[in-house]
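So the protein lines, in turn, are chains H and A. Sequential numbering of the first sequence, starting at 29, is according to the working numbering. Sequential numbering of the second sequence, starting at 3, is according to the working numbering.
Hints may contain errors.
Within a straight-line C-alpha distance of at most 20 Å, the following computed SDA-like cross-link-like pairs (lysine to any residue) qualify [unchecked claim]: (1) H:K227 <-> A:K65; (2) H:K133 <-> H:E316; (3) A:K184 <-> A:E60; (4) A:K153 <-> H:A56.
Calculated directly from the structure, the hints in this document are not laboratory data. Quick caveat: nothing in here was measured; it's all calculated off a predicted structure.
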Amino acid sequence: MNCEKAFLEKPLIEGNKSFSQISDEICAPVERKPGKLWYISFFFAVSALTLGIVLVTYQILVGIGTWGLNKTVGWAFDITNFVFWVGIGHAGTLISAILLLFRQKWRTSVNRAAEAMTIFAVMCAGVFPIIHMGRPWLAFWTLPYPNSRGPLWVNFTSPLLWDVFAISTYFIISFVFWYIGMVPDLATLRDRATGKVKKFVYGLFSLGWDGSSRTWHRYEILSLILAGLATPLVVSVHTIVSMDFATSVIPGWHTTIFPPYFVCGAVFSGFAMVLTLMIITRKVLSLEEYITMKHIDCMCKIVILTGSIVGLAYMTEFFIAWYSGVEYEQYVFMNRAKGPYAWAYWTMVSCNVISPQLLWFKKIRSNLVFVFMLSIVVNIGMWFERFVIIVTSLHRDYLPSSWAMYTPTFVEVGEFIGSFGLFFTCFLLFARFLPVVNMAEVKGVLNVGRKTEGAHD
Amino acid sequence: MLVEKQKELMISMKNRKKYLIGIFQDEDMILNAVKSVCKAGISIFDVFSPYAVHGLDEAMGIKRSRLPIVTFLAGLTGGLLAMLLQLWVFNIDWPIIVGGKPFNAVPAFIPIAFELTVLVGGLVTVAAFLFRSRLGPGATPKLFDSEVTNKNFVLAIEQKDASLDINKVKEMLITLGATEVKEKEV
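Here chain H stands alone, though its shape is the one from the complex (with noise of 0.2 Å):
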């Protein structure tokens, strides 16, 4: 009997848990005060989000001329802050939406969670656009609607305007996805709150769940529909943004490669992230026999494939530049690799495509300290790749005499680093206000390898 289980599937979840341990260890960090950990991250992540505020405030009072801009170099730090985050929250719908379709059971332990840093990080990404407009208070000009200034309308053939439209769709969907997906779990909180306001608080969002089987059966269609269109909606978002770059005729950025290049990408560094938050979420909320090692494994493998399409991706942009005989575009591709800003294309390199390599041998992917440090290793070479792409591709065009470099200003830094304290903020409330693993998927998936006979697909 014992010899015929070894070739089972492992149970996607250990311990041999009962429906109501899992929602009692599920609601346990939400029900109790949080630890001393949560009180310091959240006073860093305050902190670093403070710095952001005051210094956006005084980049929009004095003007755009705070950042290391010059008029060679128009777009550097901000954008590439734009197209990091945008790129990090597309791993939170691909794991609820394309695993979804794709029937793979092991999403349901790391989907809310991975939901939620989609929609954080796609806010981090909406600010820099907007501050980067100088007068962020006329934001809602980007919107087609009748007004007093002609009416004078957008212009929709422009790929920045397919950004606005792109990536607040993007933000609304993945939003009524993740909450959607809560409202079960809402209805267990609140029957299970003891206080009046928590019991008022979580009533009003659960919308009156109650488990009706069918509501149940409109509840799973309606799952698979919304999964149906963020699936092409998050390979969408990330081809508009590429485009913002491909549909100009700036050696660098003109290449038709660059939509599947940047959605690859882009998951590429957001399961990096994903692995970053995961290890420690499930270390600090102990949450290590839902969140498995086989989820970090499966993790770990999609990391390998996106990263080394990624360094496909960056060897056919070389080939493409030699073999299209334009010297403009060889230049660029040579002052890549050995011009001013070499060392940040070799690392560059050395983080996406090499250090993933490793990731092949199962001992480094047992290794949770090795994995977590990889996975932060992934996001800085994912940066690099964005500041790469923008500013070599800039910072020396057709005109010698315009040729000029590009260095940030504190101001920028520390705007970038209020967004990770944005984000970061917005994750710390999350963990401690909603329960980050899915209740009611993960009751759904505990038979999986568990016995033979009755596990529902």
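Start from chain H and add chain A according to the hints.
This is chain A only, laid out in the frame that chain H set:
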């Protein structure tokens, strides 16, 4: 005052109905129970569970939801409206040449039309789901058991007419594996 309160209570009692409920602890048992109860010709009011039990909708004879039709129509409306707005603005209301592109730059209108297809399709479907399931902020849940969002699977049978032999059904539910059988007004 007291009379008014009693009246209120009477009204709320009037809306309440009597149900026979059986509580199960396992998804296989509730599935089996639903099938057996249906076979015996007793109509089930509803089943309540802490998570989506696959196969339950089929066993209960629930018709497949028509939500996908809503999504299709809403998505189509969103996409068409976005396309029409862009065409109207660029051809009729304020024709302007940007970057040498033609007025009818249809390929350039696709991204926004696509995003609005997804946005309108998604939001309308969620609204239809909430409306159809009578969910929304402020809706009071009809809880047949306080543990239904935690661990219990509840089978509820409405006591509509006298022909239903309650004791017989009770016995049946117990033999099917119910850990608790009771009559309850909800």
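Against the structure, the hints come out as follows:
1. Simply put, K227 of chain H and K65 of chain A have alpha-carbon atoms about 34 Å apart, too far for the 20 Å limit, and the pair is violated.
2. Pair hint K133 of chain H plus E316 of chain H holds up; C-alpha atoms about 17 Å apart against a cutoff of 20 Å.
3. For the hint pairing K184 of chain A with E60 of chain A, the CA-to-CA distance comes to about 26 Å; that exceeds 20 Å, so the pair is violated.
4. As the CA atoms of K153 of chain A and A56 of chain H are separated by approximately 16 Å, the hinted pair is consistent with the 20 Å bound.
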